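Going down the list, the sequences are from chains A and B. Using the numbering used here, you'd call the opening residue of the first sequence number 51 and step up by one each time. Using the numbering used here, you'd call the opening residue of the second sequence number 3 and step up by one each time.
Don't read these hints as lab results, they were simulated from the structure. Treat the numbers as computed from the prediction; the structure is a model and nothing was measured. Glycine included, C-beta positions come from ideal geometry on N, C-alpha and C. Heads up, a few of these hints could be off.
[What the hints assert, rightly or not] Just the calculated beta-carbon pair ranges, DEER-fashion:
| # | chain 1 | residue 1 | chain 2 | residue 2 | range |
| --- | --- | --- | --- | --- | --- |
| 1 | A | V109 | B | D200 | 46 to 52 Å |
| 2 | B | L262 | A | D91 | 28 to 34 Å |
| 3 | B | E197 | A | D91 | 29 to 35 Å |
| 4 | A | D91 | B | Q165 | 39 to 45 Å |
| 5 | A | K78 | B | A138 | 53 to 59 Å |
| 6 | B | P244 | A | E90 | 37 to 43 Å |
| 7 | B | Y285 | A | K103 | 15 to 21 Å |
| 8 | A | E90 | B | N208 | 24 to 30 Å |
[Unchecked claim] Partner residues aside, some chain B positions facing chain A, computed with beta carbon under 8 Å:
| # | residue |
| --- | --- |
| 9 | W166 |
| 10 | V168 |
| 11 | V269 |
| 12 | I294 |
| 13 | V296 |
| 14 | I298 |
[Stated by the list, open to error] Stretch-level coverage of chain A by chain B, calculated; a stretch enters the list once three of its residues show a Cβ under 8 Å from a Cβ in chain B:
| # | segment |
| --- | --- |
| 15 | 62-69 |
| 16 | 75-88 |
| 17 | 97-107 |
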Amino acid sequence: MVNRLSNLAEFLHSDSLPAWLKKDIEDKREEIFANLENGEDFLLSGPNGEKVKISPKPVPA
Amino acid sequence: MIALAVSALVAAYLLVPYAIFRFLLGRFVPLRVLQDRKTEDLTRAVVTLLVVYLIALLLVWVVPGCRNHPFAFPDNAEQRVSDYQIVAGGLYSETVFRDYGGRFWDAFWRTTERQGRFICWYYLMVVTLAVVSGVAIQRYGAWRRYPPYAWLADVYLLPHISQWWVLLTPFAFSDRRTLVRADVLMTDNTLYSGEVADHFLDREGNLSGLFLANPQRFDRRSYFREQDAWGSARGLESFWRPIPSAKLYLVADKIVNLNLNYEPPVVTSEVLTRYLSELQGRYGKGSARKGITVSITPPERNDLV
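Bound conformation, chain B alone (with noise of 0.2 Å):
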C-alpha cells in the first residue's frame, strides 16, 4: 500500500508536472528529446520542479487567499500532523489501518484535500514558468546581448530546445525575417540549394527531412563536361537549375552534408566589421594592420529596416 501511495505522489510531484512543463514549453520551441539516464536532464527537471515546489510552498503559507483555497475546511497544525500520522500509519500497516476504522478514512480524505490544494498551486506555477520560459526563449535572438538574460539562456533556458531549431531557423537572429539558406550534398553527389523551409525530427531528434524553398540543383554534368572541353569552366553561378517546384523535400537519410548560411535583410556594421576583418586579415598584405571602420545607409524602403 505504502508502494502505492509513493508512487502516486512521485507520478503527482514529478512526472505529471514535468511532462505539462515540456508540453507546454514545446508549444513555444521544439524541444531537445530526452536521453535516458542522463544526468544532465534529470537536474534540470528535478531543478525546475524544486523552484518550483519551493514558490508554491511559500505561495500556499503566506499568501492568505492560496492557503485556504480552494478546497476550503477548518483545519489546524494539530490536526494536520495527526492526519499525516494516521494516514502513513494506515498505509504502512493493515492492522493499523483496521485499528484507525472511521478516523482513517477522516483524515484521508483531509490529506487528499490538503494535497489538491498546494498540487492546484503547485502545477499553476508550472504552467507559468513553461509560459514565461517559452516566451524568454523566443525572444533569444534580440535579448542575448543583455548579460543577465544571456546567463540565463546559457544556463538554463536553451538547453531544452533542439540544436536543430537554432541551425535550421532565423531563432539566433534579432530579425526574424533572416533567410536561412542551405547547400545540401546528397549521397549521390547531387547538390541542391534553396532556402530552409521546414524541417523534421526523428524520434531520437535527430534530423529526419528537410524542405528547401525556391531549390535549385547544381549541374555538375555540364560544369565538368565544360571544364572537359575547355579547360575551364564558367562561374559556378552558371551552373545552377532551378527546380520547378515549390518546396523540395530532402530526406535526411540521404544527406552527406549541409553548408548553412544566413542571410539577414539588413546589415549590421557589427557582423560586416568582423566578416571584413577576418577577410583582411587572411587577403588584406599591409593593409591588415591598419584596421577597418564601416558606415551603413539604411535601405530606402521601410518594411526593410
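Here chain A stands alone, though its shape is the one from the complex (with noise of 0.2 Å):
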C-alpha cells in the first residue's frame, strides 16, 4: 500500500523506463527468457546507439 509520498516516488521508479526498451522487452520477451535458460546473454539496441545486454547470473563456482 502506498501511503507516503516516499513510498510512491520508489513505487513511480519502479518499471520507469524508455519506452523504446520496454516495448522491445515486451516484443522479445520469450527470445529473451528462453536465451536466459539456455545460459545465453540477449542484446538490446537503442535508438540513440545504446546497447543494453541482459545476461544470465553466474553461478558460483
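Got two chains here, each in a separate frame; can you build the complex from them with the hints?
As C-alpha cells, then:
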C-alpha cells in the first residue's frame, strides 16, 4: 500500500524505462527468457546507439 | 483589550509567518492544500514555527548584532521585566492603565520595539527555512538515495507537497527530461494518450484538468469492427490516431482513470534488473531461479547521458 509520498516515488520508479526498451522487452520477451534459460546473453539496441546486454547471473563455482 | 493583544500576537507569531512560509515554499513546488482541523497539518505548522522561533530566540540572545538591531535603544533586564509587567497590567485592567498614565505608553513603545526586533529576525528565519526547504524538495529526485535526506524528506519535506505534483511531473526522477505519459479513459469510453504537459488543481487540491502534448485517440470503433469482421484485430498500435492539436485539455470530471508511465531518456541498470526479474518471475519458467545481470552501454549522443 502506498501511503507515503516517498513510497509513491519508489513505486513510480519501479518500471520507469525508456519507451523503446519497454517495447523491445515486451516484443522479445520469450526470446530473452529462452536465451537466459540456455545460459546465453541477449542484446538489445536503442535508437541512439545504446546497448543493453541481458545475461544470466553467473553461478558461483 | 487583552483579547486584542493576544489576537495580534497569534497573528504576528503564528498566522502571518506560516502564511509567508507556505507562500514562499509554494514558489518552488505546488503545496498540498491544508485541511481544516487536520491534526497532522496543525502539528507540522506548530513544529515548523517552534523550530524557527527557537533559532530566532538563540540569534537574538547570542549574536551581538541581532541583540540590539534593528530598533536599538539602551535596555536592561530590569527595565524589560518592568515594561512587560506594566503593559500586561495596563492591557488587563483599565484602572491599572489609568494609574500608570504616561509610564504605560513609554513601556508599551519599548515593548513594541523589542517585539519588532525579534519579529524581524523571526521572519528572516521563516524566509530562510522556506527557501532551504524549497530547494531541498526540488532536489528530491537526485538526493533521495541519501539516508539522512530521505528521512527528512519523509518526515518533513514531502508532506507539504501535492501528490498530483509527484504523480504528474518528473519530480521523483533525477533526470528532469523524464517524460510522463498518460493513457486517459474518459467517461464516454474514449481513450486518449499523450505526454502530460501540465495539470491543474482546484481549491481543495483535487485534479481539475490535464493538458496532454502530442495527443492521440484510440479508434475503438475500427478496432471492434476489425475484430467483428475478422475474428481478431491488428496490434493495438495500429488504432492510435494522432489528434491535430499541440495540446489537448481534458477536464478531470470526465476522467475515469489514468494509466501513467514514466520514461526517462536513459536506462538505469537497477530499474532494468528489477523490471526483468519481475517479468522473469512471471514468465521465465526455469530461468527464474537463475537471476539476471544487465550491462548498459550509454547512448552515443552526449546530450542523452
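Quick rundown of the hints versus the structure:
For V109 (chain A) and D200 (chain B), the hinted distance range of 46 to 52 Å is satisfied, since their beta carbons lie about 50 Å from each other. Under the hint 28 to 34 Å, the C-beta atoms of L262 (chain B) and D91 (chain A), about 32 Å apart, fit the expected range. Range check, E197 (chain B) to D91 (chain A): about 33 Å between beta-carbon atoms, so the 29 to 35 Å window is met. A hinted range of 39 to 45 Å holds for the C-beta pair D91 (chain A) and Q165 (chain B), which are about 41 Å apart.
Range check, K78 (chain A) to A138 (chain B): about 42 Å between beta-carbon atoms, so the 53 to 59 Å window is missed. Look at P244 (chain B) against E90 (chain A): about 40 Å separates their beta carbons, and that is inside 37 to 43 Å. Distance hint check for Y285 (chain B) and K103 (chain A): the Cβ-Cβ separation is about 20 Å, which falls inside the suggested range of 15 to 21 Å. A C-beta distance of roughly 51 Å is found between E90 (chain A) and N208 (chain B), which places it outside the suggested range of 24 to 30 Å.
Checking W166 (chain B) against chain A: minimum C-beta separation of about 11 Å lies over 8 Å; hint violated. Annotation: interface hint on V168 (chain B) holds; nearest CB of chain A at approximately 5 Å, less than 8 Å. At about 6 Å, the closest approach between the beta carbon of V269 (chain B) and any beta carbon in chain A falls short of 8 Å, and the interface hint on this residue holds. Given the 8 Å rule on beta carbons, the hint for I294 (chain B) holds: about 6 Å separates it from the nearest Cβ of chain A.
Checking V296 (chain B) against chain A by beta carbon gives a least distance of about 5 Å; that is within 8 Å, so the hint holds. Taking 8 Å as the C-beta contact cut-off toward chain A, the hint placing I298 (chain B) at the interface holds, the least distance being around 5 Å. For the segment 62-69 of chain A, the stated coverage by chain B is satisfied: 8 residues place a CB nearer than 8 Å to a CB of that chain, which reaches the threshold of 3. Remark: the segment 75-88 of chain A is confirmed as covered by chain B, as 7 of its residues place a Cβ nearer than 8 Å to a Cβ of that chain, reaching the required three.
With 10 residues bearing a CB less than 8 Å from a CB of chain B, the segment 97-107 of chain A meets the requirement of three and the coverage assertion stands.
Figure legend: structure checked against the earlier numbered hints; hints not met, in rising order: 5, 8, 9.
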